[in-house]
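Asker: For reference, the chains in residue letters:
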Amino acid sequence: METILLTVYVLIWLVIVAGVLWTVCRGFLKYWAESRKAGRSII
Amino acid sequence: MTVPNDSDLYQLSGWIVILLLVLLYGGTLLVSAYIGKKKENADGYMTAGNKVGFGISAASMTATWIWASSMYASATAGYTYGISGPIHYGLWGALMILFIYPFGKRIRAVAPKAHTLAEVMHSRHGRSSQLMLAGSNIVGSVISLTSNFIAGGALLALLSPFSFGQGVLTVAVGVLMYTLWSGFRASILTDFAQVVAMLGAVAIIIPVVFFAAGGPGMFEQGASNLTPQQSNFFSSDAFLNQGAPYIAAVLAYAIGNQTIAQRLFAVREDLIKKTFITATVGYGATVIGIGMVGVMALYLGVSPVGGDVNNLIPQMASTYLGPVLLCLFFVMILGALSSTADSDLSALSSIMMADVYGKNIAKKANPTTMLLVGRITMIAATAAALIIASQQMDILDLLVFVGALWGALVFLVIASFYWNKVTNKAFTTSVIVALAVFIPVRFSWFSMDGATGVVFDILSAAGIGTVLGLMVFGFFGLKPAKIVGALAAVASAPFVIGFLHDYTVLTGSLVAYAVRARSFAT
Numbered sequence: 001m002e003t004i005l006l007t008v009y010v011l012i013w014l015v016i017v018a019g020v021l022w023t024v025c026r027g028f029l030k031y032w033a034e035s036r037k038a039g040r041s042i043i
Numbered sequence: 001m002t003v004p005n006d007s008d009l010y011q012l013s014g015w016i017v018i019l020l021l022v023l024l025y026g027g028t029l030l031v032s033a034y035i036g037k038k039k040e041n042a043d044g045y046m047t048a049g050n051k052v053g054f055g056i057s058a059a060s061m062t063a064t065w066i067w068a069s070s071m072y073a074s075a076t077a078g079y080t081y082g083i084s085g086p087i088h089y090g091l092w093g094a095l096m097i098l099f100i101y102p103f104g105k106r107i108r109a110v111a112p113k114a115h116t117l118a119e120v121m122h123s124r125h126g127r128s129s130q131l132m133l134a135g136s137n138i139v140g141s142v143i144s145l146t147s148n149f150i151a152g153g154a155l156l157a158l159l160s161p162f163s164f165g166q167g168v169l170t171v172a173v174g175v176l177m178y179t180l181w182s183g184f185r186a187s188i189l190t191d192f193a194q195v196v197a198m199l200g201a202v203a204i205i206i207p208v209v210f211f212a213a214g215g216p217g218m219f220e221q222g223a224s225n226l227t228p229q230q231s232n233f234f235s236s237d238a239f240l241n242q243g244a245p246y247i248a249a250v251l252a253y254a255i256g257n258q259t260i261a262q263r264l265f266a267v268r269e270d271l272i273k274k275t276f277i278t279a280t281v282g283y284g285a286t287v288i289g290i291g292m293v294g295v296m297a298l299y300l301g302v303s304p305v306g307g308d309v310n311n312l313i314p315q316m317a318s319t320y321l322g323p324v325l326l327c328l329f330f331v332m333i334l335g336a337l338s339s340t341a342d343s344d345l346s347a348l349s350s351i352m353m354a355d356v357y358g359k360n361i362a363k364k365a366n367p368t369t370m371l372l373v374g375r376i377t378m379i380a381a382t383a384a385a386l387i388i389a390s391q392q393m394d395i396l397d398l399l400v401f402v403g404a405l406w407g408a409l410v411f412l413v414i415a416s417f418y419w420n421k422v423t424n425k426a427f428t429t430s431v432i433v434a435l436a437v438f439i440p441v442r443f444s445w446f447s448m449d450g451a452t453g454v455v456f457d458i459l460s461a462a463g464i465g466t467v468l469g470l471m472v473f474g475f476f477g478l479k480p481a482k483i484v485g486a487l488a489a490v491a492s493a494p495f496v497i498g499f500l501h502d503y504t505v506l507t508g509s510l511v512a513y514a515v516r517a518r519s520f521a522t
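Chain order of the listed sequences is A and B. Numbering of the first sequence is given in our numbering, commencing with residue 1 and proceeding in unit increments. Numbering of the second sequence is given in our numbering, commencing with residue 1 and proceeding in unit increments.
If we strip away everything but chain A, and leave its shape as in the complex, we get (with noise of 0.2 angstroms):
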């Protein structure tokens, strides 16, 4: 029981790490066509 727990807590940081990843990348896609829509720079 104690080496699944440690497993877990060990490899859990990756996921929330890929979730991360996810939602940063959508906003900044997002944002990027929004700019490239309306004709202005990113940034």
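Simulated from the structure, these hints should not be mistaken for lab results. Even for Gly, the Cβ is constructed at its ideal location relative to N, Cα and C. Hints are not guaranteed to be accurate.
[To be verified] Short derived list, chain B residues pointing at chain A, Cβ under 10 angstroms: (1) Ile35; (2) Ala58; (3) Ala186; (4) Ile188; (5) Leu189; (6) Ile204; (7) Ile205; (8) Phe210; (9) Glu220; (10) Ile288; (11) Met292; (12) Val295; (13) Tyr299.
Position chain B relative to chain A; hints supplied.
Answerer: Just chain B now, kept in the frame of chain A:
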């Protein structure tokens, strides 16, 4: 596979390293050129016009908060304090981003078009507090810049045939090249690319190292390598030596630091909350995740190369990652240190442009001259960091000093945004008193035996109340903050008195908070 315990680490070939450096810095230079304008404007150079979108702002906040040292330190915490070590590094660092979010909203409401925190201090109550905050940030950012250059030099020296000096110079020139022309705009857009590389690398590297090192079996075979404290998730050693001092220090760091404030001024106002929450989760998961490499090293019974715990991460990467993933690891660390270094350059240039030239030298600031000041500052700061790096000064001691300086300022900075009665004199006096108490305690200049220790323990309990009260104040206002602060001070007193003064780092920070709050109130 056995982990090498001496200096026979696997190294990348010189040509591969050159290729990776060209891809990383060449790529960021192209991004910078893509957004470059023939005539940059000073506002864009400092805050990108205060309307940056969510993806870029969240990525940039995350990238700036994660530097190479935070990855190394989290792994060190895991190796030293066991399974709870990375939590006591990464979780508190992450929560501080969240705790400054309400203050961030207030700062934007008070000064929607500001470029630096110090500039706001000037408009609230004068030159002395402005220059104190600007000065502390100049010292802090130059030290942070140096630390990142040193980390780059050490990485290249460890994983490539190149020397430390060549590594430091390469990183310094690479970062300066892509930041110099477009300033903050280049910094935050390249942060996005660097975050994608960093987070992507973390998501791949952790499971690969875990399974290559033996998977779940390592926890059974290596359990005997841990002390009872190291195998306890609620380790008091980990909390008192790592977590608690870090909470006090990082709260000050988050609020006083221009690199964070600059992103706060840049993001579109309605996206502040979303940006801070995403950066909190992103920073926490990334840094704690990398800290797990240190926990694995502990279970595996690894001894760090040369006895230096900073070598743990490269050592584990070199052992368990093949050449391709080692390249990814190399890019991850370079991305982490470059993103923080470019933020430091942007912060330094903005301070010199807005606080020094704009508020104290020019009678009427000329935007073209401002830009010139910003670019010259970046070149001068890079040169200064290179000189400090070559002197091999003790960066940790310098960082402690800057931490104390920010610790002495943070309460007053927050008070200034909510209370119009903060004067230049009150600000300056409180900072001097807080520093005068912090430094002797932190560096153990006198004995804490007997009644002296008890007095400082009582002050520490008041400091705990101040820190928790500050955190509650941002979210819930003054009355709940006072109640929580008082309860925390009273509840912690029995556990603190007669005991806490042995932990000088923690005592120094807490006493500084308590004395500052008290001197300011009087």
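Asker: Each hint needs a verdict: does it hold in this structure or not?
Answerer: Now for the hints, and whether the structure bears them out:
1. This hint holds: Ile35 (chain B) has a C-beta 5 angstroms from the nearest C-beta of chain A, less than the 10 angstroms allowed.
2. Using the Cβ-Cβ criterion of 10 angstroms, the hint placing Ala58 (chain B) at the interface with chain A is satisfied: the shortest such distance is roughly 5 angstroms.
3. Of the supplied interface hints, the one on Ala186 (chain B) holds, with its beta-carbon coming within about 9 angstroms of a beta-carbon of chain A, less than 10 angstroms.
4. Hint status for Ile188 (chain B): holds, given a least beta-carbon distance of 7 angstroms to chain A, under 10 angstroms.
5. Taken as an interface hint, Leu189 (chain B) checks out: its beta carbon lies about 5 angstroms from the nearest beta carbon of chain A, inside 10 angstroms.
6. A cut of 10 angstroms between beta carbons decides the hint on Ile204 (chain B): the least distance to chain A is about 8 angstroms, and the hint holds.
7. Here the hint on Ile205 (chain B) is kept, as its CB sits about 9 angstroms from the closest CB of chain A, short of 10 angstroms.
8. Of the supplied interface hints, the one on Phe210 (chain B) holds, with its beta-carbon coming within about 6 angstroms of a beta-carbon of chain A, less than 10 angstroms.
9. Because the beta carbon of Glu220 (chain B) sits about 6 angstroms from the nearest beta carbon in chain A, less than 10 angstroms, this interface hint is met.
10. For Ile288 (chain B), the shortest C-beta to C-beta distance to chain A is roughly 5 angstroms, which falls under 10 angstroms, so the interface hint holds.
11. The beta carbon of Met292 (chain B) comes within 5 angstroms of a beta carbon in chain A, closer than 10 angstroms, and the hint placing it at the interface holds.
12. Checking Val295 (chain B) against chain A by beta carbon gives a least distance of about 7 angstroms; that is within 10 angstroms, so the hint holds.
13. Annotation: interface hint on Tyr299 (chain B) holds; nearest CB of chain A at approximately 9 angstroms, less than 10 angstroms.
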